[in-house]
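**Student:** Chain by chain, the residues run as shown.
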Amino acid sequence: MGWIGRFWGSSIGKKAVMAVTGVILFGFLIGHMIGNLLVFGGPEKLNSYAMSIQNSAVLLWGVRGLLLVSVVLHIIAMIALTRQNRAARPVKYEHPSTVRATLYAKTMRLSGLLLLAYIIYHLLHFTLGKLHPNFIEGDAYHNMIEGFKQVPVSIGYIVAMICVGLHLRHGVWSLFQSVGLNHPRINKFREVFAALFAAILVLGNISMPVAVMAGWLK
Amino acid sequence: MELNARIPSGPIQSKWDKHRFEMKLVNPANKRRYNIIVVGSGLAGASAAASLAELGYNVQCFCYQDSPRRAHSIAAQGGINAAKNYQNDGDSVWRLFYDTVKGGDFRAREANVYRLAQVSVNIIDQCVAQGVPFAREYGGLLANRSFGGAQVSRTFYARGQTGQQLLLGAYQALERQIALGKVTMFPRTEMLDVVVVNGQARGIVVRDMVSGRISSVAADAVVLGTGGYGNVFYLSTNAKGCNVTAAWRAHKRGALFANPCYTQIHPTCIPVAGEHQSKLTLMSESLRNDGRVWVPKRAGDTRRPDQIPEDERDYYLERKYPSFGNLVPRDVASRNAKQVCDEGRGVGRGGLGVYLDFADAIKRLGKNAVAERYGNLFQMYERITGEDGYTVPMRIYPAIHYAMGGIWVDYNLMTTVPGLYCIGEANFSDHGANRLGASALMQGLGDGYFVLPYTIGDYLATAKLEKIGTDHAEFARSEAEANTLTRKLLAVKGKRTVDSFHRELGKLLWDKCGMARNEAGLKEALARIPTLRDEYWKNVTVPGSGEELNQELEKAGRVADFLEFGELLVTDALHRTESCGGHFREESQTPEGEAARKDDEFSYAAAWEWKGAGTAPALNKEPLTFEHVKPAQRSYK
Amino acid sequence: MKITLNVWRQKGASDVGRLATYEVPDVSPDSSFLEMLDVLNQRLIEKGEEPIAFDHDCREGICGMCGFMINGVAHGPEAATTVCQLHMRKFKDGDALTLEPWRSRAFPVLKDLVVNRSAFDRIVQAGGFISVATGNAPDGNAIPIPKRTADLAMDAAACIGCGACVASCPNGAAMLFVSAFVSKLNLLPQGQSEKKERVRRMVEQMEKEGFGSCTNYEECEAVCPKEIGTHFIARLNRDFLGSAITGPGQTSSASGGAG
Chain A
6 MGWIGRFWGS SIGKKAVMAV TGVILFGFLI GHMIGNLLVF GGPEKLNSYA MSIQNSAVLL
66 WGVRGLLLVS VVLHIIAMIA LTRQNRAARP VKYEHPSTVR ATLYAKTMRL SGLLLLAYII
126 YHLLHFTLGK LHPNFIEGDA YHNMIEGFKQ VPVSIGYIVA MICVGLHLRH GVWSLFQSVG
186 LNHPRINKFR EVFAALFAAI LVLGNISMPV AVMAGWLK
Chain B
-4 MELNARIPSG PIQSKWDKHR FEMKLVNPAN KRRYNIIVVG SGLAGASAAA SLAELGYNVQ
56 CFCYQDSPRR AHSIAAQGGI NAAKNYQNDG DSVWRLFYDT VKGGDFRARE ANVYRLAQVS
116 VNIIDQCVAQ GVPFAREYGG LLANRSFGGA QVSRTFYARG QTGQQLLLGA YQALERQIAL
176 GKVTMFPRTE MLDVVVVNGQ ARGIVVRDMV SGRISSVAAD AVVLGTGGYG NVFYLSTNAK
236 GCNVTAAWRA HKRGALFANP CYTQIHPTCI PVAGEHQSKL TLMSESLRND GRVWVPKRAG
296 DTRRPDQIPE DERDYYLERK YPSFGNLVPR DVASRNAKQV CDEGRGVGRG GLGVYLDFAD
356 AIKRLGKNAV AERYGNLFQM YERITGEDGY TVPMRIYPAI HYAMGGIWVD YNLMTTVPGL
416 YCIGEANFSD HGANRLGASA LMQGLGDGYF VLPYTIGDYL ATAKLEKIGT DHAEFARSEA
476 EANTLTRKLL AVKGKRTVDS FHRELGKLLW DKCGMARNEA GLKEALARIP TLRDEYWKNV
536 TVPGSGEELN QELEKAGRVA DFLEFGELLV TDALHRTESC GGHFREESQT PEGEAARKDD
596 EFSYAAAWEW KGAGTAPALN KEPLTFEHVK PAQRSYK
Chain C
2 MKITLNVWRQ KGASDVGRLA TYEVPDVSPD SSFLEMLDVL NQRLIEKGEE PIAFDHDCRE
62 GICGMCGFMI NGVAHGPEAA TTVCQLHMRK FKDGDALTLE PWRSRAFPVL KDLVVNRSAF
122 DRIVQAGGFI SVATGNAPDG NAIPIPKRTA DLAMDAAACI GCGACVASCP NGAAMLFVSA
182 FVSKLNLLPQ GQSEKKERVR RMVEQMEKEG FGSCTNYEEC EAVCPKEIGT HFIARLNRDF
242 LGSAITGPGQ TSSASGGAG
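Residue numbers (our numbering), protein chains in the order written: chain A, 6 to 223; chain B, -4 to 632; chain C, 2 to 260.
Simulated from the structure, these hints should not be mistaken for laboratory data. We put the beta carbon where it would ideally sit given N, CA and C, even for glycine. Hints are supplied without guarantee of correctness; some may be wrong.
Computed, partial: chain C to chain B, Cβ under 10 Å [as the list claims (entries may be wrong)]: (1) Ser29; (2) Asn72; (3) Ser132.
Distance condition first, Cα-Cα at most 20 Å in a straight line; then the derived SDA-like pairs of lysine to any residue [what the hints assert, rightly or not]: (4) A:Lys97 / C:Arg10; (5) B:Lys13 / B:Lys333; (6) B:Lys13 / C:Lys197; (7) C:Lys91 / B:Lys333; (8) C:Lys93 / B:His271; (9) C:Lys3 / B:Glu270; (10) C:Lys48 / B:Val487; (11) A:Lys111 / A:Pro95; (12) B:Lys533 / C:Pro109; (13) C:Lys91 / B:Glu382; (14) C:Lys209 / C:Pro190; (15) C:Lys197 / A:Trp221; (16) A:Lys50 / A:Gly67; (17) C:Lys209 / A:Gly143; (18) C:Lys148 / B:Glu382; (19) B:Lys333 / B:Tyr406; (20) C:Lys209 / A:Arg11; (21) C:Lys48 / C:Lys93.
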């Protein structure tokens, strides 16, 4: 068994994979949100930002490839670990209970699954325009405003962002532990970092549908 | 029977060296041809099993717990003594030897004690190398504390969990040998008999406590490291499972049992709370370093402690023993607690308790300093009693803690059955009539790491050992006897539970053969034990069957042995009309009420020989000579 | 006080178990939880019924033999306390309590509340030791160990191996136990030579035994009677990842090394 086999063969290795891919996805989410927030700067800004990405095939496909690999690895590791964990307790407790486990931690799989469904929808909606009522290739600003004008869609996005928040609140905090970063001094930072960025991502992202529905963005 | 202690000749300092040279060695290539059984996996058993396996022997190790790591050595709190003299306070092998012989009230074998003091220094080194996280000073060197009235700081410790850490060290060494295939471990297995063939111990009969299967194992030598018999008193600081069965059944196969009346009573235990009480919990006696022991001056004073003014309190230890005060040895502290309670001055429910008050220490050092030293003990006390020891004085009462008596062994730790060895608390050898604090761990590890591995080799190299397997008739016979006993216990189907008998026996022994003993009481106990035993075999009820995990059946076998052993304990206590160490005979006191030894009459180890059921045991005496530590009356005034 | 108990009763390892209800109408608040069960058992025996089997030994919270779930919480509601040290005054008159054995594939139930925890021993066999044969040791003070290091090692070494961490973990992971055992040895200078092999082998054995993985619920830390911290799990992760990536390949041989 080579070192990769040893690494992947253990739950600790798989957790490290989830942590590292989680960092990549988390980084992407931050970048993605900052880019989209350009919508508040008007059509010019957002569209030129979108075009600059579209025009660089290396950047576009490099990032897409990295994200795809990350998502796939994240999911494969999750499935393997979940199966391991299910098998580890074949007989369940008649009276289950937890003492400290947080809501975020307990809903990781659920929030993750919802996110996966959301990502697929999101790609069909804004990237491929398949589920979009009035999709104009290359006009990101228009697509976003028109997309969010449908109230149920916007609400769906808001719900999805809350899932992102829950997922990241535990995931970002947890990934430090998974790669072995735990020290009283780091731990304060971990808590704040995870809570802060989860909140920023949720608020930043829902600001867009909210702004559209409220009529601030037209 | 002729008792030969096989003490090597020559000056005491070189006896062990000389003996090690004179003992025959087993050829390294031959060691793997020998099988050794080790029963018990505490400090003594685990260290012996690991060390023997390291030498190359094939070892089979047995314990009744689910893992060898759980043996009751784990509960020792205070520490382990070693004559390292790291503190430069004048300690030496000689001083540790001297203190141990004196502390044992001149009833231990000098040569053994000297050897124990010698190997004590190696024990610390070995444990450190194994990764035992002993307490350390800021400079990174080992910390020491003084303990149990010693005048030097020679006790090494790991918080309040020294026993646990030392046992884990030995356990790790044992697990390493298990992984290497040199030790086969049998957890949840209890020993029911020793198989003796042609006068040699050649195996044991065991019961698998999960399947209930009784089977036997053959070997070239058998080592018992099965701990003490304190649970004969029902309430003790021992683990619930501690028992005398292995030792007792070995005794019935010819191993003499020495000094069973030497039982140590620990002064700082949490008092009994009610009928439901199943065991007693000890708090480290280091508490006496800063706590002051007192009771009300007036009998029957039921006021709350904070309402009893200073001049109506009797700090009886400080009053009677001005130079040692609250730090008098265990037996003295315990006996005085009993005395004040007998006078009706005891505190708490049932009047069986004395105060251990930290008010002065808190005033002097501050609560934080007290908490830093004893925080975990205050926590433990709070958990059990629901009281806060910082604001209300703790209540303490003595409890049975340790058995100095045990299977008689010679200098080589071999019993009177050739090939049968006994180590640790289970044997009688090193503590005389009273054990000093922090010496039990030292003896267990000393025996297991540094004494037995040498001496057993001498036996294997010199004894004539025929090839014998479990198909030998003796094995079948012993197995059949064990099976019969089990069936008998199950077949009584009476009305009383095993525990009710155990409680009754324990109470009888505690009342008549506890902290203070007298002829009338002992005779009464001797009359009542056989009656109780008869009732047991007519009226005990053991549910379930023998072919399953049956905890009541396990207890039933052990209590059957306690009911026999208790009689021997009382017999020994009755015959020894002197007071010494843990054995206080009311008839033998100094005018001040202290224990008075009778060296002319009783300077011997009393080794009892089983003569069959219903026949009185025979007394054999091993005379004890003191060439180096002159017997003197202990005085802590 | 009156307590109603729903206790898992299972005759043997291969039998089907179920919850059975018992009432104890006269529990002394000063008794420990196990003493309350003793009282119930005595009554069951007197009635000719089978007593409830449960593991216990020292009854002072150090041997690690006792433990079961009380209303889904390992060792019951009181923090930092084994079930043998848990006292009935912590409960209310009329409480109904469900007692179940540790549930883990690696800890098969033997009877009632008794489980087989030898998986822990096998993990230790895989590398939970320092290979030093008796007689091999240098002087105890030959290697100074900073007090902080020794204290931290002692924090980890306080583990009693009871299995509450596994039982309480929603994933049935043994990470707290393994991390404490690895850490106490890997922290000390004496443990350095075998550090990388030790962690790798012990983690591999842990996986082989069928324990789950850590997803940082921290339930283990919350129920640990010795308050072992999950920071040891981070340390284990660190040591393991380091060992998996840069550590030695196959273990040399049985003669030395960690094994």
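**Student:** The hint names C:Ser132 as touching chain B; please verify it with the least Cβ-Cβ distance against 10 Å.
**Tutor:** holds (6 Å)
**Student:** Between C:Lys148 and B:Glu382, does the CA-CA distance stay at or below 20 Å?
**Tutor:** Between C:Lys148 and B:Glu382 the Cα gap is close to 33 Å, so the pair fails against 20 Å, i.e. violated.
**Student:** Taken at face value, is the distance from the CA of A:Arg11 to the CA of C:Lys209 at most 20 Å?
**Tutor:** Cα-Cα ~13 Å, so holds.
**Student:** Checking hints one by one. Is C:Ser29 an interface residue toward chain B, by the C-beta closer than 10 Å rule?
**Tutor:** holds (5 Å)
**Student:** If you draw a straight line from the CA of A:Lys50 to the CA of A:Gly67, is it 20 Å or shorter?
**Tutor:** violated (23 Å)
**Student:** Does the alpha-carbon distance linking C:Lys209 and A:Gly143 stay inside the 20 Å limit?
**Tutor:** violated (53 Å)
**Student:** Does C:Arg10 lie within 20 Å of A:Lys97 when you go C-alpha to C-alpha?
**Tutor:** holds (15 Å)
**Student:** C:Lys48 and C:Lys93: Cα distance at most 20 Å?
**Tutor:** violated (27 Å)
**Student:** Compare the distance between the alpha carbons of C:Lys91 and B:Glu382 with 20 Å, and conclude whether the hinted pair is satisfied.
**Tutor:** holds (13 Å)
**Student:** For the pair supplied as a hint, C:Lys209 and C:Pro190, confirm whether the alpha-carbon distance does not exceed 20 Å.
**Tutor:** violated (29 Å)
**Student:** Between C:Lys197 and A:Trp221, is the straight-line Cα distance small enough, at 20 Å or below?
**Tutor:** violated (59 Å)
**Student:** Starting from B:Lys13, check that the Cα of B:Lys333 is at most 20 Å away, please.
**Tutor:** violated (46 Å)
In the structure shown, a violation is registered for the earlier hints numbered 2, 5, 6, 7, 12, 14, 15, 16, 17, 18, 19, 21, in ascending order.
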